[in-house]
Amino acid sequence: MATQTLTRPAARSASAPRLRQPRKKMTAGRTAVLAVAAILAVLWLIPFAWATATAFKSETDAAAPKVSWIPPSGFTADAFVKVFQDGNIPLWTWNSLYTSAAITVITLAISALVAYALSRIDFRGKKVLMTVIIASIIIPPPVLIIPLFYQMVALHMIDTSWAIILPQVIHPAMVFVLKKFFDQIPRELEEAAVMDGASRMRIFTQIILPLSQPILAAVAIFVFISAWNNFLWPFISTNDGSILTLPVGLQTIKSAYGIQYAQNMASALLAALPLILVFLFFQRQIIKGVATTGLAGT
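Under this note's numbering, residues 274 to 571 are what the sequence shown spells out, in order.
Hints in this document: simulated from the structure, not taken from any laboratory.
Hints are not guaranteed to be accurate.
In silico PhoX-like links for lysine-lysine, alpha-carbon gap of 20 Å or less [stated by the list, open to error]:
(1) 453 - 399
(2) 452 - 400
(3) 400 - 453
Input sequences plus hints: build the corresponding full structure.
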């Protein structure tokens, strides 16, 4: 009786060459772009590195006429200790976090609803309203400080958190960005939902918003950063020390010995640290928002 011999396919050798993805060729234009980007990165990092080095110097070394990166007496954290002793950093940080988060949530809700109405609903005066929104983007915010202050006084909101929050929840630029994004969503999705009996609000919450998560995240980050960095309006609308935001509170830390360079740099680093963390964790959303929506020009 003849026997059949079963042969197995030869196993792939471990030393067999693997397919590699072709690398992008470094053209002259690409090399020039990378070189310019590297130079700009270094130019941005030098002031930040100098501020960090100054913050960890003693006041004597920071005010010395001779400029040096490494202080003669060594690095110290005395400036940070002094800032924490003279100011209520935890309270000011919480106030900034609370007001910035509230501004972000309310701004997203208002801007998304207005943008969806402008994108999908036809009503009388729509073009005029869109023109007003676009025109209001070019109005400098300081121009509105006096009218907003009188309005807060009339509403008896001065020295309250609402005086900080409410004037900052209207962002015409964010409405314009969201409207342009909603215009790109196919209307066929909504028409199918309407045939299934979905209401306008259900379409907005269950179809439009889930499809708009990338742009909503980008807008939220930009609004949060803007609210956190805002110094002028919280400084004008509040005098109560218990509701001061971090940028305003740090400016109240003064010394009887004139300008304290190390202490000022330590305060600046403390105010910028949360924003640096936000950028590190959400840099993809920020870059995507700038690239896809044109936020860089707003």
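Problem set entry | Pair hint residue 452 and residue 400, alpha-carbon separation not exceeding 20 Å | 13 Å, holds
Exercise. Does residue 453 pair with residue 399 here, judged by a C-alpha cut-off of 20 Å?
Worked result: 15 Å, holds
Problem set entry | residue 400 paired with residue 453 [C-alpha distance capped at 20 Å] | Holds. Residue 400 to residue 453 sits at ~14 Å (cutoff 20 Å).
Violated hints for the displayed structure: none, as all numbered hints are satisfied.
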